[in-house]
Amino acid sequence: MKKILAVLLAGMMAVTAFAGCGGQTTESSGSSSGSGESESTAIEVKDSIVDESVFGDENNISLKVWAPDKAVALVKQQVEDFKAAYPGKTFTKIEVVAQGEGDAGTQLLNDASVAADVFSFASDQLNKLVDAKVIADVAFKDYVTQENAPETITAATIKDTLYAYPETNDNGYYLVYDNTVVNEEQAKTLEGILEACRAAGKKFIFNCGDGFYGCTFAFTGGVKIDGFEEDGVTQKFTDYDEAEAVATLQAFSKLMHDYKGTFTSLDVAQIASGFSTGTLGAGVDGSWNTVADQDALKDKFGAAKLPTINVNGTDKQLISMFGYKYIGVNASSQFPAAAQILALYLSGEKCQEQRAEQLGWGPSNKAVQEKPVVADSPVLQAIKQQSENACVQVNIAATLWSPMGNLGNKLIAEQTNPDDAEFFKKLLKETIENIRDEG
Amino acid sequence: MTFVEYKQLNPFQKFAYNFKKFFLNIPGALGRFFKGIGKAIVKFFVSIGRGFKNYGVTFAKGDWATKLSYLIFGIGDIHKGKIYKGIMFFLAEVLYILYIVFFGWQYISKFGSLGTVETHQVQDGIIKRTVFGDNSMLILLYSVLTIVITIVVFAIYIANIKDAYRHQLMRANGEKPTTLKEDAKDFLDGKYHITLLSFPVLMISIFNILPLIFMILIAFTNYDKAHMPPGTLFTWVGLQNFESLFDIVNTPKKATTFLELTEWTLLWAVIATFSNYILGMIVALMINKKGIKLKSLWRTLFVITIAVPQFVSLLLMNQMLQTNGAINVLLTDISHLFGGTEQVEIQFLNSSTFMARATVVIVNIWVGIPYTILSMSGILMNIPEDLYESARIDGASPFKTFSAITLPYMIFVTTPQLITQFVGNINNFNVIYLLTGGGPSTEQYYQAGKTDILVTWLFTLSMTSQDYGLAAAIGILVFIVCATLSLIIYNNSKSMKDEEAFS
Amino acid sequence: MIKSYKLRRHLSNALIYIILAVLGIIWVSPFAYLLMHSFRAESTITVPYLIPHEWTFQNYIDLFNVGSGGSAAINFPRWFINTLVVAIFSCIISTISVLAVSYTFSRLRFKARKKLMNVGMILGMFPGFMTMIAIYYLLKAMNLNQNLVALVICYSCGAGLGFQISKGYFDTIPHALDEAATIDGATKNQIFWRIILPMSKPIIVYTVLTSFIGPWCDFILAKIIMGDKRELYTVAIGLQSMISPEFINEYYKQFLAGSVLVAVPITLLFLKMQKYYVEGVTAGGVKG
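Chains as they are written, first to last, in our numbering: chain A, 299 to 737; chain B, 3 to 505; chain C, 13 to 300.
In short, the hints are calculated from the structure, not lab data. Among the hints, a few may not be true.
List time: in silico DSBU-like cross-link candidates among lysine-lysine, alpha-carbon distance up to 30 angstroms [claimed, not checked]:
id, chain 1, residue 1, chain 2, residue 2
1, A, K664, A, K362
2, A, K439, A, K534
3, A, K374, C, K235
4, A, K362, B, K227
5, A, K723, A, K552
6, C, K18, A, K391
7, C, K241, A, K374
8, B, K227, B, K255
9, B, K187, B, K164
10, B, K23, C, K127
11, B, K255, B, K69
12, A, K381, C, K241
13, A, K374, C, K18
14, A, K486, A, K598
15, A, K669, A, K682
16, C, K18, B, K297
17, A, K723, B, K402
18, B, K193, C, K18
19, B, K193, A, K439
20, B, K23, C, K126
21, C, K18, B, K402
22, A, K500, A, K596
23, A, K391, C, K235
24, A, K727, B, K227
25, C, K18, B, K41
26, A, K534, A, K558
27, A, K614, A, K522
28, C, K241, C, K152
29, A, K381, A, K534
Taking beta-carbon pairs under 10 angstroms as the criterion, some of the chain C residues facing chain A (in silico) [to be verified]:
id, residue
30, T56
31, I57
32, I86
33, P89
34, I260
These numbers come from a predicted model, not from an experiment. Cβ atoms here follow ideal geometry from the backbone N, Cα and C, with glycine treated the same way.
Put together the whole structure using the sequences plus the hints.
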């Protein structure tokens, strides 16, 4: 342990000397080995807190943090804890500003120099941020890798570089139902849900026209994305069995037409409102709407992973788009070291546990995942199960969403004939072409 | 057709005749327009040539101070006693040099390549620091700024020389230069147009013209999702973006999208303009009919749509047109009244192309005809009463009065408005964007839906898929169409020709 | 004969009353819906019936009780004041610009007049949002990004291009007046202020109205300029953010209430000034 510290301090010395700023030079305790650079990741981190020397010569630190509105109050408190953990440093100002995770990337790309130093964002934006080189690498890679679930690390790693601190593993959608309409058994199959809803005269909402949900149809049919082509912008797809994909699309379309009036495509925001007016039996809703759904349903609230669909006699699990949320560090931050240390702290075990408790967010931290607050939550369990049947939302081309939304729209459109296999074949082909921007 | 024959036509035939004539005239007008442009270009070069000549001649004839003005602004004026103007000229030069040295040069020098230094990272202790390289976008923007400033300073330079020479001649004639006070007075009278225009022109140059030039230049670059500053550089690609809009072989999807969206945009503009115009006119006539009471109440009912901000009313409409929205609820209630049991769930916005387009047109009528009603009401009130009086004496029927007086008068008076509205509808972003967002979606188009018009498409292209270059190219094409159209019509319209008819 | 004519007129008037009434209802009903549901107590977003079951003022109260809904990010009163301030200033600047430009083009004769008019007309036709990036970075270079001044500049900078209607209005004021004044020794400046402007009340009101309404409606440029500075939002982007996925479940009814609060003052203003608006647009439109 001591040796690591020594190496680290030596590294810091090298830095300060190199940077040429007087600053505060830390004491070196003897044996130094190797250059600072190669050892740079071997920094001792305990409970997401590092030695104050890691700050280097940064002092009078002023930072801006972006967090989604609902988390602002909690993050403010966590920032206070963070300040308390580093009594030797002066923090001029750390402001926490409300900024939705879905938009954070766009805002950062608009103008990184006025954006936050530390920001929460959803995984689909990672690629854009890395391409534009506005996001900094994770400085504490080893510690973060060891603390968090491997899939969240893999998803934030591009060409062997880890770009963001995992914050949650819950950014996806799952089945929410009224358990007086749909029972647990029925919730396992799409056919069961629709039948139960129709019997009760209620609706089922699935937002087919939005690519984030609409891609489920293609994914379930075996069409999977596989990062990018060489050029870094064209979406790559795995090989898929066209006959199977078309059959799956037809099965979806057939259900939509058979259950016309029950199967509706509406914005997910309508789900909570549908439950509260009693017009809705079940819906596929995003994890961020959980609280609203629970408020609307109270003890009738039921949650499960997405159901299966019967395609030519076999039940196929619906494959969803699934993502994580990360904390990133702005590459143009004035206080890069402090920003990294704050991001590390905010993504740490203690903060994740607080968020799981107070906001119901699913943690990416392995230790927190084992805790009762997560293990006993039906919602988080449903999300976790669904995440095992999902495409991970990274390396997504910006051109994916609207063709996938169109695919969903076409499946449910009145004019579509579910038996017309040729139509679906052509539709799928053109959808893929559009995503890949061919022609 | 002779004048006598024309006079014998009924008003509708007259209108049809004029209408036909108008469209038959378009090719001729187009020809004149381009000939005019050609002439203007020739004139421009001729005047440049003359400028060079004068430049040399003035130098040869100038005294030492005038000659020195070729290098140092304002010397000529100061020497001739026009101190304040000379100092202003001189300051302009100093400021320009400071600007170029401290700001402009670093950008304009990279204008040709749009930057070469890539953004990269350096290891700095445990932290990797990002070192930002050239930012192509800022280079382009500030280069344009520098070019515009340079042109302005060049104009000042020429003015400085002319002024120096003018004062030299004045001194030779024994005249004294005007004082500051006299000049100031002139700016309130003879040169009042300069006083009034300077502020608006300054604002427009900085915030309209400069960004416009920037945008035009963007159309010739590969600024897209793979070339995004500050991370990556973009560079000049010539006409590539325009080619992809027309090249049906290599980029069939973009070309088809462009072609079909252009068709729909024009169709939309025609339908939207005429539906608003005709329906608005009918409602205005009904409101203003003699004997109809509560005129202001009726007008008020319609005016509310204008007063409520469009984004509110259109978002509201969007919500109401959803499958579970108020309109379907209303239709369900009505169908229940007649014994129906089914729930009505019409997909207004995202299912059939025809339905969505019809909905957009209808909602646009809802949003738009109040404007027509207002302006038509005003015009109707303005029709000279004696026209009707004489018609009544002649025993004309109400229909006859309408077709012989009201209609021709209104059509004559509102033609310019019709054109403005047509161009406005080509660029009618709000209605499409807020109502349908371009939907219903289709796999046949590239990043566009069936109700998308060109402006909403270019918005999606720049905001969603970051195809800035392509979007700029579309913007330019839309602009050329609108500008040509309105220049021709405006300059050929009656009101422009007899601008001073009332004076 | 006369009787039947009268009867026919009565019949046709009755028909017109019916049509107007139906159309009036169609035109107003969406706003009636908006108004009713802004007082709705139950449910969150939509309900499957037209008339709310429970009524409440709570949506309006919450709108002004910043932070009561759980979020300080929604600050409607502040947004309202921002917009009002921006609207007032940009309205003053725009009106001055428009009147100056229109007077120049209508009354003063100089060399480049016609060319400038043509340029002015076509400049207004460029799809505006393509130039947003450029405008943003220009404002940033002036250190004005995330600043209300930037909005004032944006909304009033292009005002001078909208000169057609008021130029058309000025054209209708007889030139004889100017000439008489010139003979009496008045300068162009005096003619502008003492003769033309006092006669142009309708067109001034028209210009003021249209430029005052602008800032309440823009939801694109303001968002780009303000970025994450939520306390500097205008009502348009503020209201739009209330129905973004992050907020819609809690704030939809407040969005309706907020929309009503934006619409009411503008509507009242508009109704009060309607007469001038009509006069202005008519006289200007005839010639413009």
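Structure-based check of all given hints:
{"no.": "1", "hint": "A:K664 x A:K362", "in the structure": "holds, 28 angstroms"}
{"no.": "2", "hint": "A:K439 x A:K534", "in the structure": "holds, 28 angstroms"}
{"no.": "3", "hint": "A:K374 x C:K235", "in the structure": "holds, 25 angstroms"}
{"no.": "4", "hint": "A:K362 x B:K227", "in the structure": "holds, 27 angstroms"}
{"no.": "5", "hint": "A:K723 x A:K552", "in the structure": "holds, 15 angstroms"}
{"no.": "6", "hint": "C:K18 x A:K391", "in the structure": "violated, 82 angstroms"}
{"no.": "7", "hint": "C:K241 x A:K374", "in the structure": "holds, 17 angstroms"}
{"no.": "8", "hint": "B:K227 x B:K255", "in the structure": "holds, 18 angstroms"}
{"no.": "9", "hint": "B:K187 x B:K164", "in the structure": "holds, 22 angstroms"}
{"no.": "10", "hint": "B:K23 x C:K127", "in the structure": "holds, 27 angstroms"}
{"no.": "11", "hint": "B:K255 x B:K69", "in the structure": "violated, 61 angstroms"}
{"no.": "12", "hint": "A:K381 x C:K241", "in the structure": "holds, 24 angstroms"}
{"no.": "13", "hint": "A:K374 x C:K18", "in the structure": "violated, 78 angstroms"}
{"no.": "14", "hint": "A:K486 x A:K598", "in the structure": "holds, 17 angstroms"}
{"no.": "15", "hint": "A:K669 x A:K682", "in the structure": "holds, 14 angstroms"}
{"no.": "16", "hint": "C:K18 x B:K297", "in the structure": "holds, 21 angstroms"}
{"no.": "17", "hint": "A:K723 x B:K402", "in the structure": "violated, 62 angstroms"}
{"no.": "18", "hint": "B:K193 x C:K18", "in the structure": "violated, 63 angstroms"}
{"no.": "19", "hint": "B:K193 x A:K439", "in the structure": "violated, 70 angstroms"}
{"no.": "20", "hint": "B:K23 x C:K126", "in the structure": "holds, 26 angstroms"}
{"no.": "21", "hint": "C:K18 x B:K402", "in the structure": "holds, 18 angstroms"}
{"no.": "22", "hint": "A:K500 x A:K596", "in the structure": "holds, 18 angstroms"}
{"no.": "23", "hint": "A:K391 x C:K235", "in the structure": "holds, 25 angstroms"}
{"no.": "24", "hint": "A:K727 x B:K227", "in the structure": "holds, 23 angstroms"}
{"no.": "25", "hint": "C:K18 x B:K41", "in the structure": "violated, 63 angstroms"}
{"no.": "26", "hint": "A:K534 x A:K558", "in the structure": "violated, 34 angstroms"}
{"no.": "27", "hint": "A:K614 x A:K522", "in the structure": "holds, 15 angstroms"}
{"no.": "28", "hint": "C:K241 x C:K152", "in the structure": "holds, 15 angstroms"}
{"no.": "29", "hint": "A:K381 x A:K534", "in the structure": "violated, 44 angstroms"}
{"no.": "30", "hint": "T56", "in the structure": "holds, 4 angstroms"}
{"no.": "31", "hint": "I57", "in the structure": "holds, 4 angstroms"}
{"no.": "32", "hint": "I86", "in the structure": "holds, 8 angstroms"}
{"no.": "33", "hint": "P89", "in the structure": "violated, 17 angstroms"}
{"no.": "34", "hint": "I260", "in the structure": "holds, 4 angstroms"}
Checked against the numbered hints listed earlier, the structure breaks hints 6, 11, 13, 17, 18, 19, 25, 26, 29, 33; every other hint is satisfied.
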